[in-house]
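A.B. asks: Generate the whole structure from the sequences, applying the supplied hints.
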Amino acid sequence: MNNFLSISVYGSAIILILIGLYGVLAKKNLLKVVIGLSIVDSGLHLLFVAIGYVKDGTAPIFSPEVIGKNVQMVDPVPQALVLTAIVIGFAVTAVALSLVVRLYRHYNTAHIDEIKNLKW
Amino acid sequence: MIKKIIVLFILVVVGIFLIEAFTKIPFGVKRSGVSDFYLIESPQTNKVANVVTSIVVNFRGFDTLGEVTVLFLAATGLGSILYRRRKKKFHEARVKIASSRILQIGAQMIFPVVILLGAYIFIHGHLTPGGGFQGGVIIATGFLLLMISYRGFSVNHRTISWIESLAGMTFVGFGLIGLIKGTTFLQNFLPTGELNNLISGGIIGIIYVAVGFKVASELTGALDTFLLNNKQVTHLEDEE
Chain A
15 MNNFLSISVY
25 GSAIILILIG
35 LYGVLAKKNL
45 LKVVIGLSIV
55 DSGLHLLFVA
65 IGYVKDGTAP
75 IFSPEVIGKN
85 VQMVDPVPQA
95 LVLTAIVIGF
105 AVTAVALSLV
115 VRLYRHYNTA
125 HIDEIKNLKW
Chain B
11 MIKKIIVLFI
21 LVVVGIFLIE
31 AFTKIPFGVK
41 RSGVSDFYLI
51 ESPQTNKVAN
61 VVTSIVVNFR
71 GFDTLGEVTV
81 LFLAATGLGS
91 ILYRRRKKKF
101 HEARVKIASS
111 RILQIGAQMI
121 FPVVILLGAY
131 IFIHGHLTPG
141 GGFQGGVIIA
151 TGFLLLMISY
161 RGFSVNHRTI
171 SWIESLAGMT
181 FVGFGLIGLI
191 KGTTFLQNFL
201 PTGELNNLIS
211 GGIIGIIYVA
221 VGFKVASELT
231 GALDTFLLNN
241 KQVTHLEDEE
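These protein sequence lines are chains A and B, in that order.
With the numbering used here, letter number 53 in the first sequence gets 67, and the count goes up by one each step, no holes.
With the numbering used here, letter number 119 in the second sequence gets 129, and the count goes up by one each step, no holes.
Hints are not guaranteed to be accurate.
[Claimed, not checked] Distance condition first, Cα-Cα at most 30 angstroms in a straight line; then the derived DSSO-like pairs of lysine-lysine:
#, chain 1, residue 1, chain 2, residue 2
1, A, Lys-130, B, Lys-13
2, A, Lys-42, B, Lys-14
3, A, Lys-130, B, Lys-14
4, A, Lys-46, B, Lys-40
5, A, Lys-69, B, Lys-34
6, B, Lys-40, A, Lys-69
[Claimed, not checked] So the derived label-pair ranges between C-beta atoms look like this:
#, chain 1, residue 1, chain 2, residue 2, range
7, B, Gly-25, A, Asn-43, 18 to 28 angstroms
8, A, Glu-79, B, Arg-168, 42 to 52 angstroms
9, A, Gly-82, B, Lys-14, 34 to 44 angstroms
10, A, Asn-17, B, Leu-237, 43 to 53 angstroms
These are calculated hints, taken from the structure and not from any lab test.
Computed from a predicted model, the values in this text were never measured in an experiment.
Note that CB positions come from ideal geometry on N, CA and C, so glycine has one too.
C.D. replies: Here it is, written out as structure tokens:
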């Protein structure tokens, strides 16, 4: 059971990261590139939280039902880090999107090949 | 075509190495480390039920201040990148097509509930899952609902920046009071109360409420900037 859980969680995180990287590398539309970046973000967050998982652990909240019973709790540190990472990811996405809007306004397109000097 | 092959090759290599790395990390195993300290210290010293909140606001409070600053810088950068002089026909069309009557009345009915939910989540950030960032995002979604359903709706940027500055100053002010009364920045100087009470945890609850207000106002301002600019672009296209 644990093995299945680990394969599915790590697997889906890795698949999300690869999908996002594919979007960043292969897509021509700048909006899709930004979407790819945020998909990579989601994969990384899933990976962080999965590393902090402890078998049969509950959420790290000392609610009245939990106090006094010797329960196992998952690692709270990766969750706090992911909270930070989500906010930073939002900031990066917002600034990237604003640059895309600015480029669109200048060249009237968000397609990489039609914007000069941005071909590879 | 050759580009696609290169990309797929890179992805396969990255994927193989990620799988290699992550099969070596044991899953679901308790790792000894700083988390034990947090799990013991948070309910005993801080009297905060939600350990994640305790870490984010108290043990790593300075880090959270930096995070809020990054959010503020992003909102400012957004405004300066997308800046454009306002036109006269400004209020007419935020969205090109007016939304239907059903959406408008539904938005009216849902909006107060969304705001209430957001406020609940950031006020109870130290007791239940959630906190300032999550509650702030929920409140901003409420405003987004109004923005997309009413063409004339716009938020007052002056009010937003006042709320934002006040919330930020509350955060820094409580940190400085901690520095004066205690020993370190963001020292918990208020009485901590009892575990699982609404008024507990000293400054942690107050700071998370301030963070909630700050995030909500920043995100609302950012959404407003984006939608505003779309509209101006469509206007220019109309004129040309």
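A.B. asks: A separate judgement is required for each hint: does it hold in the structure or not?
C.D. replies: Verification of the supplied hints:
| no. | hint | result |
| --- | --- | --- |
| 1 | A:Lys-130 <-> B:Lys-13 | holds, 19 angstroms |
| 2 | A:Lys-42 <-> B:Lys-14 | holds, 12 angstroms |
| 3 | A:Lys-130 <-> B:Lys-14 | holds, 21 angstroms |
| 4 | A:Lys-46 <-> B:Lys-40 | violated, 39 angstroms |
| 5 | A:Lys-69 <-> B:Lys-34 | holds, 17 angstroms |
| 6 | B:Lys-40 <-> A:Lys-69 | holds, 8 angstroms |
| 7 | B:Gly-25 <-> A:Asn-43: 18 to 28 angstroms | holds, 24 angstroms |
| 8 | A:Glu-79 <-> B:Arg-168: 42 to 52 angstroms | holds, 46 angstroms |
| 9 | A:Gly-82 <-> B:Lys-14: 34 to 44 angstroms | violated, 59 angstroms |
| 10 | A:Asn-17 <-> B:Leu-237: 43 to 53 angstroms | holds, 48 angstroms |
When held up to the earlier numbered hints, the structure conflicts with 4, 9 and fits the remainder.
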